[in-house]
Amino acid sequence: MTIAVVEPWVEEPLKRFVSEARVLLALLLHPSGQVLAQHGFTRAMDVMSACALAAAIHASAGELGRQLEGKPFAGLHHAGRERQIFLAPVATARGQYILLTVFDRESSLGLVQLYYGEFQARLAAAAPAAPEPAVVLAENFEGELNRNLAVLFGRG
Amino acid sequence: MSSRSPFSEMLATLIRQRGVVGSMVVSESDGIVVDSNLQIGVKGTVVAALAASLYRKARLSASAAGLGEATFLQLEAERGRVFAIGRNDLVMVTVAETRANIGLIRVAMLRALEDGGLG
Chain A
1321 MTIAVVEPWV
1331 EEPLKRFVSE
1341 ARVLLALLLH
1351 PSGQVLAQHG
1361 FTRAMDVMSA
1371 CALAAAIHAS
1381 AGELGRQLEG
1391 KPFAGLHHAG
1401 RERQIFLAPV
1411 ATARGQYILL
1421 TVFDRESSLG
1431 LVQLYYGEFQ
1441 ARLAAAAPAA
1451 PEPAVVLAEN
1461 FEGELNRNLA
1471 VLFGRG
Chain B
2 MSSRSPFSEM
12 LATLIRQRGV
22 VGSMVVSESD
32 GIVVDSNLQI
42 GVKGTVVAAL
52 AASLYRKARL
62 SASAAGLGEA
72 TFLQLEAERG
82 RVFAIGRNDL
92 VMVTVAETRA
102 NIGLIRVAML
112 RALEDGGLG
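So the protein sequences, as listed, match chains A and B.
Sequential numbering of the first sequence, starting at 1321, is according to this note's numbering.
Sequential numbering of the second sequence, starting at 2, is according to this note's numbering.
If you're looking for bench data, these hints aren't it; they were derived computationally from the structure.
There may be inaccurate statements among the hints.
Away from chain A, derived, C-beta distances all over 12 Å, residues of chain B [said to hold, decoys possible]:
#: 1; residue: Gln18
#: 2; residue: Ala52
#: 3; residue: Arg57
#: 4; residue: Gly69
Listed next, the in silico DSBU-like pairs over lysine-lysine satisfying Cα-Cα at most 35 Å (straight line) [unchecked claim]:
#: 5; chain 1: A; residue 1: Lys1335; chain 2: B; residue 2: Lys44
#: 6; chain 1: A; residue 1: Lys1335; chain 2: B; residue 2: Lys58
#: 7; chain 1: B; residue 1: Lys44; chain 2: A; residue 2: Lys1391
#: 8; chain 1: B; residue 1: Lys58; chain 2: B; residue 2: Lys44
#: 9; chain 1: A; residue 1: Lys1335; chain 2: A; residue 2: Lys1391
Output of the computed footprint for chain A on chain B, the stretches with three or more beta carbons under 8 Å from beta carbons of chain A [what the hints assert, rightly or not]:
#: 10; stretch: 19–33
#: 11; stretch: 91–104
Glycine is no exception: its CB is placed at the ideal position from the N, C-alpha and C atoms.
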């Protein structure tokens, strides 16, 4: 199993999640769209697209939840014919992240939700203390994004 | 679950068996609870996800081995048993303590299936 991470504390929880939930793809990203870790992707371009889409879906679903229930929705599931996606926030001391995962008939929504709960707890326990508050979208966002992608795909 | 469903009566019959601590109807493909009747302390969603996955794999294994459809799955653990039986992408799961009467539970689950409990 190949897990590529930008920050080492993410690796073990994500590795266990992928192994236990038997998902095809997993992506951990910042709500801004910056990738932190990935499993299953082979091209940086795919990761970049998935991150951008996941961040946008999460923002839209969150706002929809706030409009309807006064708080963001906890998770989002979309079932395709062969593959399904599950998108959900993960809270840590360093702030909120988003987990995007793709699975097929080898797994199930129930299993993914079950191991997502465990992943959340493990990631929260592994997260180091929160850094100094930074601007929401840093001036060097694009540079950071490219750096993270280069680290994940061995071009760092 | 508080509201009544087409499975409520069947689940209530199973939970009345001695030693049974939970009975559920679970979607086999999703591992999500459709309806349940559980005693306090039974982690319904966790059992449902894992038992549905187990049942599905047992069904596929039996089929791959040329044994036909899996009929009744029984898992024995240190402090209890899990039973599963399925049809139409639904799995009836029963969790019982060791003191439970396996024969009665088995008969009750098979009868519920025959009576169209899972459609």
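These are the hints, each one checked on the structure:
1. Gln18: With a cut-off of 12 Å, Gln18(B) remains clear of chain A, as the shortest Cβ separation is near 25 Å.
2. Ala52: Since the minimum Cβ distance to chain A is about 9 Å, Ala52(B) lies within 12 Å and the statement is violated.
3. Arg57: 8 Å, violated
4. Gly69: 21 Å, holds
5. Lys1335(A) <-> Lys44(B): Distance of about 25 Å is within 35 Å: holds.
6. Lys1335(A) <-> Lys58(B): 23 Å, holds
7. Lys44(B) <-> Lys1391(A): 26 Å, holds
8. Lys58(B) <-> Lys44(B): 21 Å, holds
9. Lys1335(A) <-> Lys1391(A): With Cα atoms ~30 Å apart, Lys1335(A) and Lys1391(A) stay inside 35 Å; holds.
10. 19–33: holds (count 6)
11. 91–104: violated (count 0)
Hints 2, 3 and 11 from the list above are not met by this structure, while the remaining hints are.
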